[in-house]
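*Asks:* Chains L and D supply the protein sequences, listed in that same order. The numbering used here applies: residue 2 is where the first sequence begins, and numbers increase by one. The numbering used here applies: residue 2 is where the second sequence begins, and numbers increase by one.
These are computed hints drawn from the structure, not numbers from a lab. Check before you lean on any hint, since a few could be wrong.
Claimed, not checked - Here are the simulated DSS-like cross-link-like pairs (lysine-lysine), alpha carbons at most 25 Å apart as the crow flies:
hint: 1; chain 1: D; residue 1: Lys155; chain 2: L; residue 2: Lys126
hint: 2; chain 1: D; residue 1: Lys50; chain 2: L; residue 2: Lys124
hint: 3; chain 1: L; residue 1: Lys138; chain 2: L; residue 2: Lys184
hint: 4; chain 1: D; residue 1: Lys184; chain 2: L; residue 2: Lys35
hint: 5; chain 1: L; residue 1: Lys120; chain 2: D; residue 2: Lys124
hint: 6; chain 1: L; residue 1: Lys121; chain 2: D; residue 2: Lys120
hint: 7; chain 1: D; residue 1: Lys81; chain 2: D; residue 2: Lys141
hint: 8; chain 1: L; residue 1: Lys120; chain 2: D; residue 2: Lys126
hint: 9; chain 1: D; residue 1: Lys81; chain 2: L; residue 2: Lys121
hint: 10; chain 1: L; residue 1: Lys126; chain 2: D; residue 2: Lys124
hint: 11; chain 1: D; residue 1: Lys184; chain 2: L; residue 2: Lys187
hint: 12; chain 1: L; residue 1: Lys120; chain 2: D; residue 2: Lys155
hint: 13; chain 1: D; residue 1: Lys126; chain 2: L; residue 2: Lys126
hint: 14; chain 1: D; residue 1: Lys69; chain 2: L; residue 2: Lys35
hint: 15; chain 1: D; residue 1: Lys69; chain 2: L; residue 2: Lys50
hint: 16; chain 1: D; residue 1: Lys187; chain 2: L; residue 2: Lys120
hint: 17; chain 1: D; residue 1: Lys155; chain 2: L; residue 2: Lys124
hint: 18; chain 1: L; residue 1: Lys155; chain 2: D; residue 2: Lys126
hint: 19; chain 1: D; residue 1: Lys120; chain 2: L; residue 2: Lys124
hint: 20; chain 1: D; residue 1: Lys120; chain 2: D; residue 2: Lys81
hint: 21; chain 1: D; residue 1: Lys81; chain 2: D; residue 2: Lys69
hint: 22; chain 1: D; residue 1: Lys121; chain 2: L; residue 2: Lys126
hint: 23; chain 1: D; residue 1: Lys124; chain 2: L; residue 2: Lys121
hint: 24; chain 1: D; residue 1: Lys35; chain 2: L; residue 2: Lys184
Protein chains: 2
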Amino acid sequence: MRYHKIPDETIQRLPLYWRALRLLSENRSHVNSKVLAEIVQVNPWQIRKDLSYFGGFGTPGVGYDIKKLSCQLRDILNLKNTHKTALVGVGDLGSALLGYSGFSQLGFEIVSAFDVSTKKVGKIKNNVNVEDISKLKTLKRKGIRLAIIAVPVKAAQETADKLVRAGVVGILNFTPSYLVVPKTVKVISIDIAMDIARLPYYLPTNRAGKT
Amino acid sequence: MRYHKIPDETIQRLPLYWRALRLLSENRSHVNSKVLAEIVQVNPWQIRKDLSYFGGFGTPGVGYDIKKLSCQLRDILNLKNTHKTALVGVGDLGSALLGYSGFSQLGFEIVSAFDVSTKKVGKIKNNVNVEDISKLKTLKRKGIRLAIIAVPVKAAQETADKLVRAGVVGILNFTPSYLVVPKTVKVISIDIAMDIARLPYYLPTNRAGKT
């Protein structure tokens, strides 16, 4: 099934809806946008608008069919199959990501890990063999199209270049670098510092930002 | 100076603008929304709208005064002073956060760390002494109002409850839990799984979500 182009902001919220629906499906068959909104902390009108992009219309008084909507979201997000993923950088953060169960629950499997340190290369972490960074080019042959970058910031762009050359088309970037990649490659950046940076705004002692 | 209430979505983008402006300030005095937009990957009209909330109007043909705007953003975000922060959970992720330089660059200083494991308590990591979780109540006395939760998901709500009792008013939550806290406490959640979940949508092989 094909859908009209969905805005990035909507795509960003779809995984939240999908996870909430999977939880709800254990106890009920339908849900309205108000209940869903409370769980995912998004406005009900925003949810209705987001879902309308692909014809996810609820029945008035009944709400959305959880099972049906959940399948649609999974198809749109392309989460039906397992996605083999590579990890570059096996420091503290990389190690945390290797042990993170949230990925496998969504069908992401970290099957390859790379580092530059001779202390790490050859070790097995969470059932994954850590290889030397020079082996990145093997990704194409292994059919790995997604990668996670958890290297120091100064190595970020170089790592991205190597991944692109190795045929990777989707990158989850944990460095604060803005990565330059071809248009055919999608980068999603997680910048923890930018998230904590908005926390002090909400402190009760902050009078600058509030009326 | 007081401003009208700024929407959460705008507050979310202000740190991005602020960081970009700090980088730009090294080479120039003014910037227009188009150039800023390219750096932060946000629409120019969105930037103009966001900045208009607190009177951050650029001069036509000249753009925004980088130094002035940067100071305003810092004040609104309440990032003028250092913020002492506690970390709960010193596993792989917690260790990565302790060593993460991005926090200190923004004025966040992790000064206390807590864990339940007797193997970790008493150790010193990145100059921070890891204390037993039972010592959380000392936070109030130490004037620590912000905390980072990096514990296993099943311990997340209990940890949040303890932090709230210890006087914490801002929490950065790294677990996929939805934390229930009093309205006076702000929780910002970072859910890595939800970020990777939208990556397969953009894969060239995905035909479900695209026209």
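*Asks:* Could you run down the list of hints and mark each one as holding or not?
*Replies:* The hints, checked one at a time:
For the hint pairing Lys155/D with Lys126/L, the CA-to-CA distance comes to about 23 Å; that is within 25 Å, so the pair holds. Our distance criterion of 25 Å between C-alpha atoms is broken by Lys50/D and Lys124/L, whose separation comes to about 51 Å. Proximity of Lys138/L to Lys184/L is assessed by CA-CA distance (about 20 Å); at most 25 Å being required, the pair is judged to hold. Taking the CA atoms of Lys184/D and Lys35/L, the gap is about 19 Å. The hint holds against a cut of 25 Å.
A hinted pair counts as satisfied when its Cα atoms are at most 25 Å apart, and Lys120/L with Lys124/D qualifies at roughly 23 Å. The straight-line distance between the Cα atoms of Lys121/L and Lys120/D is roughly 23 Å, inside the 25 Å bound, and the hint therefore holds. Note on Lys81/D and Lys141/D: the hinted pairing holds, with a Cα-Cα distance of about 21 Å set against a maximum of 25 Å. The suggested pairing of Lys120/L with Lys126/D holds, with an alpha-carbon distance near 20 Å, which does not exceed 25 Å.
The straight-line distance between the Cα atoms of Lys81/D and Lys121/L is roughly 40 Å, outside the 25 Å bound, and the hint therefore fails. For a cut-off of 25 Å, the pair hint linking Lys126/L to Lys124/D stands: about 23 Å separates their Cα positions. The suggested pairing of Lys184/D with Lys187/L is violated, with an alpha-carbon distance near 37 Å, which exceeds 25 Å. For the hint pairing Lys120/L with Lys155/D, the CA-to-CA distance comes to about 33 Å; that exceeds 25 Å, so the pair is violated.
This hinted pair checks out: Lys126/D and Lys126/L have alpha carbons roughly 22 Å apart, not beyond 25 Å. Between the alpha carbons of Lys69/D and Lys35/L the distance comes to roughly 42 Å, so the proposed pair goes past 25 Å and is violated. Restraint check for Lys69/D and Lys50/L: the C-alpha separation of about 38 Å exceeds 25 Å, so the hint is violated. At roughly 41 Å between alpha-carbon atoms, Lys187/D and Lys120/L are farther apart than 25 Å, so this suggested pair is violated.
Taking the CA atoms of Lys155/D and Lys124/L, the gap is near 30 Å; set against the 25 Å cutoff, the hint is violated. Using a Cα cut-off of 25 Å, the hinted pair Lys155/L and Lys126/D holds, with the two alpha carbons roughly 24 Å apart. A threshold of 25 Å between alpha carbons decides the hint, and for Lys120/D with Lys124/L the separation of about 23 Å falls inside it, so the pair holds. Under the criterion of a C-alpha separation no larger than 25 Å, the hint pairing Lys120/D with Lys81/D is inconsistent with the structure, at around 37 Å.
Only pairs whose Cα atoms come within 25 Å are accepted, and Lys81/D paired with Lys69/D is accepted, the gap being roughly 14 Å. Under the criterion of a C-alpha separation no larger than 25 Å, the hint pairing Lys121/D with Lys126/L is consistent with the structure, at around 20 Å. Distance hint between Lys124/D and Lys121/L is fulfilled; the C-alpha atoms sit about 23 Å from each other, no more than 25 Å. Taking the CA atoms of Lys35/D and Lys184/L, the gap is near 20 Å; set against the 25 Å cutoff, the hint holds.
Of the numbered hints given earlier, the model fails hints 2, 9, 11, 12, 14, 15, 16, 17 and 20; all others are met.
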